[in-house]
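Going line by line, the protein sequences match chains F and B. When we follow the working numbering, the leftmost residue of the first sequence carries the number 1, and every step to the right adds one. When we follow the working numbering, the leftmost residue of the second sequence carries the number 417, and every step to the right adds one.
Hint data in this document are derived by calculation from the structure and do not stem from the laboratory. The C-beta atom is built at its ideal place from N, Cα and C for all residues, glycine as well. There's no promise every hint is true.
Computed beta-carbon distance windows for the label pairs [to be verified]:
1) F/Ser-368 with B/Asp-592: 17 to 25 angstroms
2) F/His-102 with B/Arg-557: 40 to 48 angstroms
3) F/Arg-306 with B/Gly-587: 46 to 54 angstroms
A few chain B positions that, by computed beta-carbon distances, are all more than 12 angstroms from chain F [unchecked claim]:
4) Ala-475
5) Tyr-505
6) Arg-694
Take a look at the letters that make up each chain.
Number of protein chains: 2
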Amino acid sequence: MNTRVPTMSADHTRSVILDHIRAAGRVSRVELARLSGLTPAAISMIVRKIMSDGLVLEAGTGEATGGKRRTLLAINSASRYAVGVCLDYERLTFVVTDLSGHLVGRLTVDGPRDTEPEDVLRTIGRQVTKLVRDLQVDPARVVGLGVASPGPLDSRQGILLGSQPTSAWTGLRLRDRLEALSGLPVLIDNDATCAALGEHWTSRRAADEKAVTATVYMADGIGCGILTDGRVFHGMSSNAGEIGHTSLDLNGPLCRCGGRGCVELYAGPAAVVGAARRLPELVSELQLDQADGRNDFRRIVKAAARGHDQCRQLLEKAASHLAVAVVTLTNILDLDEVHLSGPGFTDAGAIYARVIQDGLDQTSFLRSIHPTQVKISHLGTEAAALGAAALVLQHHITPHSVRPTPLDRTENAVAS
Amino acid sequence: MNTRVPTMSADHTRSVILDHIRAAGRVSRVELARLSGLTPAAISMIVRKIMSDGLVLEAGTGEATGGKRRTLLAINSASRYAVGVCLDYERLTFVVTDLSGHLVGRLTVDGPRDTEPEDVLRTIGRQVTKLVRDLQVDPARVVGLGVASPGPLDSRQGILLGSQPTSAWTGLRLRDRLEALSGLPVLIDNDATCAALGEHWTSRRAADEKAVTATVYMADGIGCGILTDGRVFHGMSSNAGEIGHTSLDLNGPLCRCGGRGCVELYAGPAAVVGAARRLPELVSELQLDQADGRNDFRRIVKAAARGHDQCRQLLEKAASHLAVAVVTLTNILDLDEVHLSGPGFTDAGAIYARVIQDGLDQTSFLRSIHPTQVKISHLGTEAAALGAAALVLQHHITPHSVRPTPLDRTENAVAS
């Protein structure tokens, strides 16, 4: 009889060990036992298995401590690759990463805007194939394609449920179409969740040092991805993190979601641009073009950076609204870190980070117990695409730990 | 070499299996394999271990299906007991439960109000001893005392950090004092989290059917306990769930927390009573006594139940504010159920439940994807005390799965 407890339990352990090796770069078995709290015997067994799967290799020896030199383990980076793509209205960002999460190559092309979804999907399929070929990555080692898309979505079925990038995408069976067009297994998740995973996967920190973090992602909408112990908090339908519809004024203006006074109406790029366009002098001074909101937002942010008081104030006001929603998020999740990611924070991140940090320092309910730190993503516009690739790698390494809806877990467990 | 992966992984599996047996009442090994998705071999091994620990026993045979009759397993209810106490300003509620979570006995005494904390702690120690003796429970089988207290608190150190029940309790080393006075191991957690655990532990549902639920707990403040897969979502410092300080109006009145327009200012008993006391006719009609807020709240709720329009409207208005905060909570956590628990909902639950359900049906961001259902706790004022007892039992059964802060987990794992 096999006396090892299988399925999710061993899977989680395997994932924890791989995460420690990834974060450490090179690490000995003894050190792994210390980091993970597992026994040396358990470490030996797990390492034997992940080495035989080709995920980890021996990479030299460390310094001798007392007795003999210790063999070091490292992720076998070149053994697996994944492609990630971020589906943003303005831009499609493609990345290829290796098993360590290192960026192997990137590519950006124009976003879907008003192009027919089917044409965009063909472009994605073609660009994925081209990118893998141009990078001379062995296609047999590419384990899948991850797609970061605005939510809400059905990640199990791979279907978009919201009206982004445009309403033409609602109900689209994104996964099935892209599997057919790319020839790769496809996983999808929302952009904020992917960005959170991307942050973690490319960091030098192992999961269990991180406690609970939220990555606030601002593109056209505002969402967030929640990680606890380096793993995604999904919620019931994998759509957790809809911070954008936090009501800041229950008598405020009606939002597209049916609620009133949602933070998206005050804090996102569209709100800032809307306020600026109501100021004729500012419109002419900054040559706001009234058509391309993202572009107008960048002009306002750049003017603020040059010292333009009115623009700075517009951004600070928007940020102060987002700060209130982030305080609520922090109170509910007892967060230790909040990361800011996505195109909306690319240039404006510093202003938002300062105002949100002030809000947390002054009004978070738990501020006297522990601080909650705001950090700007170091991954720029690539966070979500990198996270989409990480999603695929994580699923490949520990298939049972991804998308753990109750149904999903049972199915996988029975199949194993 | 032991080839089983130890620590948290096996612990979680053990906890899942025990939870399935508890929820099912009586269940065969074959059925357990089906419910958990584990292999029959793994089930056999885990069952052998939990039977040798005396937690589970064989309890007759089920119907024959094809071949021989299957032996049924059941929780060995009388093998372990726990005491739970809920520390509420107005009332101390004590319960003793067996290992199945069944109530063995209860006791309520006056709450601390303005009594010196040390005197209250002595009362608790004395009542715990008396209750166990009166119920003729073997003291050797009582595994500990769980305390549900208003938060925030440091559950690892067992220290109260907030100003409830009164400010005299701030900084109190509750765990150490109660361990000395009761002679039992003590665990503490906040009342909302305990109420959530109490709901789950006394239900007939196993953890993995439940996805993500939040138990909104209203006493003097408003908090919530979050369960995912039947396990507590703790947050970084075990203080997740502070929904009471969700800002509904960033220009609203200043709250004790430092924020503005917090839902507690509009939605809790104190807010309802405050509004009623500003109406002289209502004060004289209901004989509001201006001193005992909880009592005045009950009078208003009873009048509303008798058809008093003005009282009903006061409560509906309060509930509509709480609804906005619950929608935010639901959007962030992607909840499938919201439970209402605690003394504030004892009589007023029906009105709050209706208004909150309406709010979710009309404005939850994910309402077109799945409904979020509001339920009133069936445990009345005992939910938190039952949950505190469940906390102790859960810790006894799977010591590594409770209070899983990163630090805690590593320490436990190394010690095992």
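Hints versus structure:
no., hint, verdict
1, F/Ser-368 with B/Asp-592: 17 to 25 angstroms, "21 angstroms, holds"
2, F/His-102 with B/Arg-557: 40 to 48 angstroms, "56 angstroms, violated"
3, F/Arg-306 with B/Gly-587: 46 to 54 angstroms, "50 angstroms, holds"
4, Ala-475, "24 angstroms, holds"
5, Tyr-505, "19 angstroms, holds"
6, Arg-694, "20 angstroms, holds"
Against the hints set out earlier in the document, a violation occurs for number 2 only.
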